[in-house]
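Number of protein chains: 2
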Amino acid sequence: MNFSIAEENYIKAIWRLQQSDSNVTTNELSAELQTKPASVTDMLKRLKEKKILNYEPYYGVKLNTDGKKIALGIIRRHRLWEYFLVEKLKFEWDAVHVIAEELEHVSSPELIERLDHFLGFPKADPHGDPIPDSSGRMETTRHISLHQLKEQQPAVVSGVNDQSSGLPEILRQKKISIGTKVEIKQRFLFDGSLEIKIRNQPLITLSEQLAKNIFVTPL
Amino acid sequence: MNFSIAEENYIKAIWRLQQSDSNVTTNELSAELQTKPASVTDMLKRLKEKKILNYEPYYGVKLNTDGKKIALGIIRRHRLWEYFLVEKLKFEWDAVHVIAEELEHVSSPELIERLDHFLGFPKADPHGDPIPDSSGRMETTRHISLHQLKEQQPAVVSGVNDQSSGLPEILRQKKISIGTKVEIKQRFLFDGSLEIKIRNQPLITLSEQLAKNIFVTPL
DNA sequence: TTATTTTTTTAGATTTGTCTAAATTATAAT
DNA sequence: ATTATAATTTAGACAAATCTAAAAAAATAA
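Line order of the protein sequences matches chains A and B.
Using our numbering, the letters of the first sequence correspond one by one to residues 27 to 245.
Using our numbering, the letters of the second sequence correspond one by one to residues 27 to 245.
Bear in mind the hints are in silico, worked out from the structure with no lab data behind them.
Here the structure is a predicted model, which means the values were calculated and not measured.
Certain hints may be false.
[What the hints assert, rightly or not] Using 27 Å as the maximum straight-line C-alpha spacing, the simulated DSSO-like pairs for lysine-lysine come out as follows:
(1) LYS88(B) <-> LYS76(B)
(2) LYS114(B) <-> LYS149(A)
(3) LYS116(B) <-> LYS116(A)
(4) LYS114(A) <-> LYS116(B)
(5) LYS95(A) <-> LYS116(A)
(6) LYS211(A) <-> LYS201(A)
(7) LYS116(A) <-> LYS76(B)
Please work from the sequences and hints to get the whole structure.
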């Protein structure tokens, strides 16, 4: 079956919300996609017709097996293009998300297989998010946000939010990148800011906002 | 101003037809785009609103200066992507046209400038068609089809039809590629077929159909 | 030059994806 | 348990891009 760009965007959004939430509501989708709830309802009815999700009026929506497979195909295209944009075209990673959102809808399977090969079958995109293989399998790097990390618990930076711009600049300044070893030394309840230790450098301060956009894997 | 994918396809089609025809008719466009003449009329009225072409009911259409600039931007994107697909992803050139028709609508100017840089600022796409620079200028390689070449007139193959599939296979077999020196030795009026000479090889026969899809620059 | 054919446009309908406003259902609060 | 609030759906409208059928204009042929 074939999906329009609008449909693909809904599928992707449902998949993303479903990761944390299992059952996705109309309002959540409406916020995620910047459309009105009424439009979401319309689209969910159409996608239900296409048998890629379970939708019960008033009770939210969930992708079925087919729907998840389609979603992972879109994610795969998105992340491969992001990798291409950063590795080959030398974009900063905060600039690539918007462009990849367009490229991901180009629908030639052979294009994607060749792109994957050209890029050397990367396992993760520039934000640290895993790239599904052609059959939809991907590493489940279960990372949490640095904000959720326990104090004194060593961890490695494994990703950053792929939607937020301006992140590379501040991370460069703070000398944080994917792979950096970090540990929370102190947490201020007043503003949620953190004092963290990086290798043998002096303590640095991160705002709550920043810590929420950095993902880590505890060691 | 911003154009939809449908609008861009019309602009590109008008530009292409305008090359040989100056004044483009509704029916020509309808044939080129595989739509009904009535749909063409509708779209021409909308594009006239946007002031990128001159359209007089019953008297055809012509892109104005702005329209040509937009068209050349689309052509630029198309041809750069074709070059990428062949040179980097190792597609055969008859496979790339359809994919490039999708990629050409991805609308980030910075993407295209970086892609151009990454590819080394190529002057022509894999079919020999010149790539406009970022301000819309391009080499006017005035090539003619091999079918139109005069007998005994030496020429160099400078391009092939970018829309026809199966061409690389037959050209590989006949040992013809861009840059090959050719000369027509004999033309048969019966079926339009040609006997041509390539370097120091024995004469080979090309069908009229094939000769019409090969472009040459007379020497 | 008049009639016929072809081309083009107009009128009205359809699909996709969106919206607003109103109605309905579910959830939370008293 | 009833009411108020919040979430969701329905109904009806709209813009973009297409279509069919009919009307109008231009080109061609008798």
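Cross-check of the supplied hints:
| no. | hint | in the structure |
| --- | --- | --- |
| 1 | LYS88(B) <-> LYS76(B) | holds, 14 Å |
| 2 | LYS114(B) <-> LYS149(A) | holds, 20 Å |
| 3 | LYS116(B) <-> LYS116(A) | holds, 21 Å |
| 4 | LYS114(A) <-> LYS116(B) | holds, 16 Å |
| 5 | LYS95(A) <-> LYS116(A) | violated, 30 Å |
| 6 | LYS211(A) <-> LYS201(A) | holds, 17 Å |
| 7 | LYS116(A) <-> LYS76(B) | violated, 35 Å |
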